[in-house]
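Generate coordinates for the entire structure from the input sequences, incorporating the hints supplied.
Residue strings, one per chain:
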Amino acid sequence: AQSVTQLGSHVSVSEGALVLLRCNYSSSVPPYLFWYVQYPNQGLQLLLKYTSAATLVKGINGFEAEFKKSETSFHLTKPSAHMSDAAEYFCAVREPFGNEKLTFGTGTRLTIIP
Amino acid sequence: DSGVTQTPKHLITATGQRVTLRCSPRSGDLSVYWYQQSLDQGLQFLIQYYNGEERAKGNILERFSAQQFPDLHSELNLSSLELGDSALYFCASSVGPQGATDTQYFGPGTRLTVL
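Protein sequences, first through last, are from chains B and V.
For the first sequence, the numbering used here begins at 1071 and goes up steadily by one.
For the second sequence, the numbering used here begins at -18 and goes up steadily by one.
Some clues are possibly wrong.
Footprint (simulated), chain V over chain B, 3 or more residues, beta carbon under 8 Å [stated by the list, open to error]:
no.: 1; segment: 1113 to 1124
no.: 2; segment: 1168 to 1176
DMTMM-like mimics (lysine to aspartate or glutamate), calculated; alpha carbons at most 20 Å apart, straight line [what the hints assert, rightly or not]:
no.: 3; chain 1: B; residue 1: Lys1138; chain 2: B; residue 2: Asp1155
no.: 4; chain 1: B; residue 1: Lys1128; chain 2: B; residue 2: Asp1155
no.: 5; chain 1: B; residue 1: Lys1128; chain 2: V; residue 2: Glu56
no.: 6; chain 1: B; residue 1: Lys1128; chain 2: B; residue 2: Glu1158
no.: 7; chain 1: V; residue 1: Lys38; chain 2: V; residue 2: Glu56
no.: 8; chain 1: V; residue 1: Lys38; chain 2: B; residue 2: Glu1165
Keep in mind the hints are simulated off the structure, nothing from the lab.
Everything numeric in this text was worked out from a predicted model, so none of it was measured.
Glycine residues also receive a C-beta, built at the ideal position from the N, C-alpha and C atoms.
So this is what it looks like as structure tokens:
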């Protein structure tokens, strides 16, 4: 069964510093991978997705993620944190065949320090 | 705004009661998904409908049921409610089984509180 592990339930970075949120997946075949962001009292918004094309994926709001098969990772990065990036971030995995359900990680709450 | 609408936004009810959550997908989307977000279980997939038919089932309790109507809106019915059913229920929609290009867009959620 596919799964994702997000290391660090809480991450704090200073404004302007690098943001790195970690996600490792477990799947018998290279899956599709997603990062979603959830702002307080809102639904989930897609940041970016990997679907077996380019391994470096650029998303919205300056975020990007790199798929590394050898490390079974899909870490999310942003070069310079902004106060508006404070939110909860979810990594999700989906098998490339069969049904389309998403399996989510436990989430990482990102706090930006002024 | 994702284009997915959910009603009601908040729902407060008592144990043993039954409630119905409603979801309208984005225009043109044929697939509807229901997810539950709770503090102890995280975000979990419940069920998926595609063009009116059940396509996939996840960790959905027997007390819960769902359906998708001809106009493609979906309802999630929760009965014999327990305190542990208190959670945020999300609906998502996508075009349908299109492989890599299929993306799920989430609604704002319905927050259910069972007292």
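The hints, checked one at a time:
| no. | hint | result |
| --- | --- | --- |
| 1 | 1113 to 1124 | holds (count 8) |
| 2 | 1168 to 1176 | holds (count 8) |
| 3 | Lys1138(B) / Asp1155(B) | violated, 24 Å |
| 4 | Lys1128(B) / Asp1155(B) | holds, 16 Å |
| 5 | Lys1128(B) / Glu56(V) | violated, 35 Å |
| 6 | Lys1128(B) / Glu1158(B) | holds, 19 Å |
| 7 | Lys38(V) / Glu56(V) | holds, 15 Å |
| 8 | Lys38(V) / Glu1165(B) | holds, 15 Å |
Going through the hint list in order, the structure does not satisfy hints 3 and 5.
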